[in-house]
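Number of protein chains: 2
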Amino acid sequence: MPYVVVVYDVEADRTRIMLKFLRQYLVHVQNSVLEGQVTEGDLEAIRAGIDDRLEDGESTIIYHVGSEKLLDRTVFGDDPAEDDQFL
Amino acid sequence: MPYVVVVYDVEADRTRIMLKFLRQYLVHVQNSVLEGQVTEGDLEAIRAGIDDRLEDGESTIIYHVGSEKLLDRTVFGDDPAEDDQFL
Chain L
2 MPYVVVVYDV EADRTRIMLK FLRQYLVHVQ NSVLEGQVTE GDLEAIRAGI DDRLEDGEST
62 IIYHVGSEKL LDRTVFGDDP AEDDQFL
Chain E
2 MPYVVVVYDV EADRTRIMLK FLRQYLVHVQ NSVLEGQVTE GDLEAIRAGI DDRLEDGEST
62 IIYHVGSEKL LDRTVFGDDP AEDDQFL
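Just so you know, the protein sequences line up as chains L and E, in that order. Taking this note's numbering, the leading residue of the first sequence gets 2, the next gets one more, and so forth. Taking this note's numbering, the leading residue of the second sequence gets 2, the next gets one more, and so forth.
The hints are simulated quantities; they were obtained by calculation from the structure and are not laboratory data. Note that the Cβ used here is the ideal one computed from N, Cα and C, for glycine as well. Among the clues, some could well be false.
What the hints assert, rightly or not - Simulated coverage check for chain L against chain E, where a stretch passes if three residues somewhere in it have a Cβ under 8 angstroms from a Cβ of chain E: (1) 44-54; (2) 65-72.
What the hints assert, rightly or not - Where chain L lies over chain E, by a calculated footprint (3+ residues, C-beta under 8 angstroms): (3) 16-29; (4) 46-54; (5) 57-63.
To be verified - Cβ-to-Cβ under 7 angstroms is the rule here; a few derived chain L residues that face chain E: (6) H29; (7) N32; (8) V34; (9) V76.
Chain L with its partners taken away, still in its complex shape:
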């Protein structure tokens, strides 16, 4: 299954909107970073949802690998994914 990391840069008063949407599919691991394993269907929904919500001057990047096994993840400091503050 695909594994994605999504980073977004939106106006401060709109982060809640993007986060609420993305959290339906992904784990929130840092201020504007979410990640997780998704189905191809989820990935299409994520793309469409970002497109719908993004406004001029804002940006979002999806980093996508075919499988979690292809991605090495090193965490320094607190691992946000294990920290319920972000879940």
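Position chain E relative to chain L; hints supplied.
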């Protein structure tokens, strides 16, 4: 060559320190996100440099794939990597 995406979450008054260090190796593409192709040596230097600079309560994640070909990157809105504001 390895390709990495680094996301960091540090105290506001310390972002300059982390950014200045990471920019030696990577392209700054979003507020606390940098990416790029690196040598194994660079990767070790990045790991050590993050370790040296991180303080309690802060976190940094390195997402690392063996080759840029394994990573699909979709940008919505302005592509920061093409925007000199971030280079």
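Q) Close enough to count: is the Cβ of N32/L nearer than 7 angstroms to one in chain E? A) Result: holds, 6 angstroms to nearest chain E Cβ.
Q. If you look at each residue in the stretch 57-63 of chain E, do at least three have a Cβ nearer than 8 angstroms to any Cβ of chain L?
A. holds (count 7)
Cut-off 8 angstroms, C-beta pairs, minimum 3 residues; does the coverage of the stretch 16-29 of chain E by chain L stand? violated (count 0)
Legend entry - chain L over the stretch 46-54 of chain E, status - at least 3 residues with CB closer than 8 angstroms: holds (count 3)
request  = Double-check V34/L for me: the hint is only fine if its C-beta lies closer than 7 angstroms to a C-beta in chain E.
outcome  = 5 angstroms, holds
Check whether three or more residues of the stretch 44-54 of chain L sit with their beta carbon closer than 8 angstroms to a beta carbon of chain E. holds (count 3)
Worksheet item: Residue count check for the stretch 65-72 of chain L against chain E: does it reach three with CB-CB under 8 angstroms?
Response: holds (count 5)
Less than 7 angstroms between beta-carbons is the criterion; does H29/L satisfy it with respect to chain E? Status violated, d = 11 angstroms.
Practice prompt. With chain E as the partner, please determine if V76/L meets the hint condition of a C-beta pair closer than 7 angstroms.
Written response: 5 angstroms, holds
Of the numbered hints given earlier, the model fails hints 3, 6; all others are met.
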